[in-house]
Amino acid sequence: MKVLVPVKRVIDYNVKPRVKADKTGVDLNNVKMSMNPFDEIAVEEAIRLKEAGTVSEIVAVSIGLQQAQETIRTALAMGADRGILVKTEAALEPLHVAKILKAIVAEESPGLVILGKQAIDDDCNQTGQMLAALLGWPQGTYASKLAIADGKLDVTREVDGGLQTIRLNMPAVVTTDLRLNEPRYASLPNIMKAKKKPIDEKSPADYGVDVTPRLTVLEVVEPAKRQAGVKVADVAELVHKLREEAGVI
Amino acid sequence: MPVLVVADHDNAELKTSTAAAVTAALAIDAEVHVLVAGASCGGVAEASSQVAGVAKVLVADAPHYAEMLAEPMAALLVGLSDGYSAILAVANTDGKNFMPRLAALKDVSQISDITEVKSADTFVRPIYAGNAMATVRSSDPLKVITVRTTTFEKAAMSGGSAGIETIAGADDPGLSSFVENALSEQERPELTSARIVVSGGRGMQSGDNFPLIYAVADKLGAAVGASRAAVDAGFVPNEFQVGQTGKVVAPELYVAVGISGAIQHLAGMKDSKVIVAINKDAEAPIFQVADYGLVADLFKALPELAEELDKLPKN
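So the protein sequences, as listed, match chains A and B. Each residue of the first sequence is one higher than the one before, starting from 1 at the first, in the numbering used here. Each residue of the second sequence is one higher than the one before, starting from 1 at the first, in the numbering used here.
Derived from the structure by calculation, the hints contain no laboratory data.
Going by beta-carbon spacing under 8 Å, a handful of chain A positions derived as facing chain B:
#1 123
#2 219
#3 238
Pulled a few chain B residues facing chain A out of the computed Cβ check, cut under 10 Å:
#4 98
#5 118
#6 129
#7 132
#8 139
#9 244
#10 262
#11 291
#12 307
#13 311
Calculated pairs, DSSO-like style, for lysine-lysine (alpha carbon to alpha carbon, straight line, at most 30 Å):
#14 106/B - 56/B
#15 311/B - 231/A
#16 280/B - 225/A
#17 231/A - 300/B
We treat Cβ as the ideally placed atom computed from N, Cα and C, and that holds for glycine.
Modelling step: build the complete structure from the supplied sequences, incorporating the hints.
Dropping the structure here:
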């Protein structure tokens, strides 16, 4: 079985984003960029399935600027086999991304697509669900455990009340949550080897996908800042202030 | 055209988050309908009809809606969508699961996690873990929206008298089935709707120390949360996690204990009315958002806090 793993290049999770003065978005110039953390978990899960003998080939896909190739290289260094870079300058919405991925699925025929549950830049949490819808496949979102048996996929999901297990027909789409696994670091020899792994370059037009925006961003601003508070000397003062000043207990 | 809100419920009880989504819906159009999809959910339909501002309640009662799995839910909503200009759901793990599936089936872009309705087509939503707020306008004929319910006032849960209409529902697409739930015992208030939340972080050092948090929480009638670090370390289960990718809470009082205050955690709690931080590291970023900061060893401070709370006159 082949697995497709889409990976997104996003602002590194340790960087505090800064809103641009002209309110058009967040400043990405000279900012450290990395693979979306949930996508790292997706790549790791695919590798573990390959190590277990369930999966034969892992294809990593990224959609975005030329630099997204670095994100694919990271996936290849971790253990993916080859890459597809869909180059575009356009700011895509999850719906567009899902349509491009659907076309790639039609070409590659994977048995499973594993994606991060959300990207930490736009926080949309949509692409996997949309891809599943467009393919007519079932979806296992927020996965913390996968088990494949008898052509069915059992997905244990992190839900608001705890954990939920569902059984899906295959092929299926899975999105990862934090506790699915702990992604490995790529070793230096594997980083060198990854440089020789093939990456195909494509464009949205190659897949016949119209990327006209449906959403217009009118402005991006900083959230209201909280006023700096006070330090209290001890627990007794804290309780006193919470009761007499804030009136919350 | 009217607007449809998908009720958040567990087949027995209508969640108050639904009332917040109704408020968001009323800002889009004056005619708001509520869909109750579930199994043996008549009581929830009854409760929904009493929410102020709701004009009509639709009930799809069938076994395949019991767990709100994405495939049957999206199929049901697609069938209803032509009569509505917008469909809204609560941005919890149910709504976030089935709504994008609906959006893609309708070939529209979803607007996730809105915090404000500017007009019928323009909404505000947080991006970058709430470090930026984007105002977006949708050109799609149908708006598919998930609502961050902590930022909307809840419509009154009584006083309404909407008619209840039973609808046929749609066939189960047969792609997925429910196996089991492993849900936590609910002995404390629910995290996302609690008036007070007490959360523990890495500083708790072990799950064995969380009873110190529980003791304080129970004296306050509070829910218990945690930072990602505490969940990843196995101190507490995943459903405790507050943050960018966990639960978003905005209680009247949030007490962060042994939590350093990573931006991912702040994203989940910085809209709380009053924030208290207890941390032994005076430089911890959590103090920058705290109204009241106590620099102290939590292993001393928590038992003291429990004791001080005991001294308070009972209301």
